[in-house]
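Number of protein chains: 2
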Amino acid sequence: MAVIIDGKKVANEVTENIKQKTSELKQKPKLAVIIVGENPASQIYVRNKQKKAEYVGFNSVVISLPVDISEENLLEQIYILNEDKNINAILIQLPLPENINKQRILEAIDPIKDVDGFTSYNFGKLALGYKPYVYPCTPKGILYLLDEYNIPIDGKKVLVIGRSNIVGKPISFMLQNRNATVTMANSHTKNLKEISLSSEIIISAVGKPNFITSEYISDGSVIIDVGINRTTDGLIGDVDYNSVFDKTSYITPVPGGVGPMTIAMLMQNTFELFQLQQSLII
Amino acid sequence: MAVIIDGKKVANEVTENIKQKTSELKQKPKLAVIIVGENPASQIYVRNKQKKAEYVGFNSVVISLPVDISEENLLEQIYILNEDKNINAILIQLPLPENINKQRILEAIDPIKDVDGFTSYNFGKLALGYKPYVYPCTPKGILYLLDEYNIPIDGKKVLVIGRSNIVGKPISFMLQNRNATVTMANSHTKNLKEISLSSEIIISAVGKPNFITSEYISDGSVIIDVGINRTTDGLIGDVDYNSVFDKTSYITPVPGGVGPMTIAMLMQNTFELFQLQQSLII
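Protein chains in written order, with our numbering: chain V, 19 to 300; chain Z, 19 to 300.
Where hints are given, some of them may not hold.
[As the list claims (entries may be wrong)] Some residues of chain Z that are not near chain V, with every Cβ distance over 10 Å (derived):
(1) E89
(2) G173
(3) N183
(4) G252
[To be verified] Taking lysine to any residue and the SDA-like style, the derived pairs with C-alpha atoms no more than 25 Å apart in a straight line are:
(5) Z/K120 x V/N195
(6) V/K149 x Z/N66
(7) V/K208 x Z/P113
The set of hints was computed from the structure by calculation and includes no laboratory data.
Just so it is clear, the structure is predicted and the values come from calculations on it, not from any experiment.
No residue lacks a Cβ here, since even glycine has one placed at the ideal position from N, Cα and C.
Chain V extracted, bound-state conformation:
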């Protein structure tokens, strides 16, 4: 019988804690979000981030830029935010338009304001096993959930499906730093079933609805479902929840699992960058 990992509840606890700590501050952390174009999903994400920032008492600003903005003008916006002492955290909402060099844009963020941890500097620190300014939000949220539910990581065999820079890669580094044995699978992987059947923790971040069925799961495994797939049946994860439920020991639902943790960790990271920057003021 599975324990449902209640990401919504844990995220609320994190958020309330930040709200409390922020209420005690004279100066408030400030998050800047840049959105380019009018992708409806991106607009919803950005609105949710801004609402959450306001809820916890942060200042926030959303900078909406036209879809045909030039790379140079977008860089210029980032430089302005880098220089602005009132801005503590900068987030570029992805995806960016195809003609924009995503890497160049993300790289332009001052690492100490890089709230997603996607600059080479912060990502490199993480990969090297050192402490970056902040850890990327989604993997940080996943580890928080595993720890909150006292799920052991050390020595465990973990399968990470999907090698994105946002989830797959950074969670694999963070789990390795916690002494897990990590297998990274991708779309070229053969015999995925064989690998997943021998894994104790499975983290799926591929974006294929109901992709992981009970045939992929051994009894007692821990399932972390990072997939958020919009279907006519609503939001659906990568994991066929009902099919696997009885076999798992712990499982995250979609929605209400990893998703709420990502936004809570964004607030946590904004708070941490604020504190770090305050500590550097002489």
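Dock chain Z against the given chain V, drawing on the hints supplied.
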């Protein structure tokens, strides 16, 4: 019947090619090596690097610093090399004395002169799947050997034993970027034998003499032995060569496998950084 991967031969080809290209240059690439203290093994490594650099026609300088040098003075040396337009590549011979913060020292190298690729900037680019200025020498040498022997990587199940920043981590990124399914094992891994038996390529970088025996190997597997263990019987790898030989399809010997490639790739990286820096001169 295994094919022996002749790292010495391939490394010689690489080196001769660099020597030829260097002979055509007016200005020669220059490598600076910093060595702290008098560790005899480190002194041998540094001497070999310098000899190889001279052989291919590079200029080189070895800066020998006392074991009790302060971190600040060591940093000062690096800054001088960073500023020196005649120096194209900087290598800090490891290990450093225990009282020195290794991360802080390696991080001080200008990424464009970071011939080992160990700065957060270059390591982060690599981890993110972008092109760093150069790839770390040992994993670059391993990939070069796999390609030279036309050993397929895409979709292959690879086990990397050891999670060092020098070998295990970067080779895992580079193999993932080539669409391999990579499992990273470490000293906390349980059931290593089970994992290695299901792997098609095994890369061992743990430093335990004759650790991998025939029980760990399935028929037809490819074995890359990165271990260099000094024993009373001479240099011995991580792999029990005679025990596994008949089962493997390809195997690197120790010595004469990965070792010579590391130093050849150091020359290659020095050359590449030189070219890159020349291209940036207006």
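Tested hints:
The non-interface label for Z/E89 is consistent with chain V: the shortest C-beta to C-beta separation is roughly 16 Å, beyond 10 Å. Separation of Z/G173 from chain V is inadequate, the least Cβ-Cβ distance of about 4 Å not exceeding the 10 Å criterion. Not every C-beta of chain V lies more than 10 Å from that of Z/N183, the closest at about 5 Å, which undercuts listing it as non-interface. At roughly 32 Å, the least C-beta separation between Z/G252 and chain V is larger than 10 Å, which holds for a residue marked as non-interface.
At most 25 Å may separate the alpha-carbon atoms for a hinted pair to count; Z/K120 and V/N195 meet this at roughly 18 Å. For a cut-off of 25 Å, the pair hint linking V/K149 to Z/N66 is broken: about 34 Å separates their Cα positions. Only pairs whose Cα atoms come within 25 Å are accepted, and V/K208 paired with Z/P113 is rejected, the gap being roughly 39 Å.
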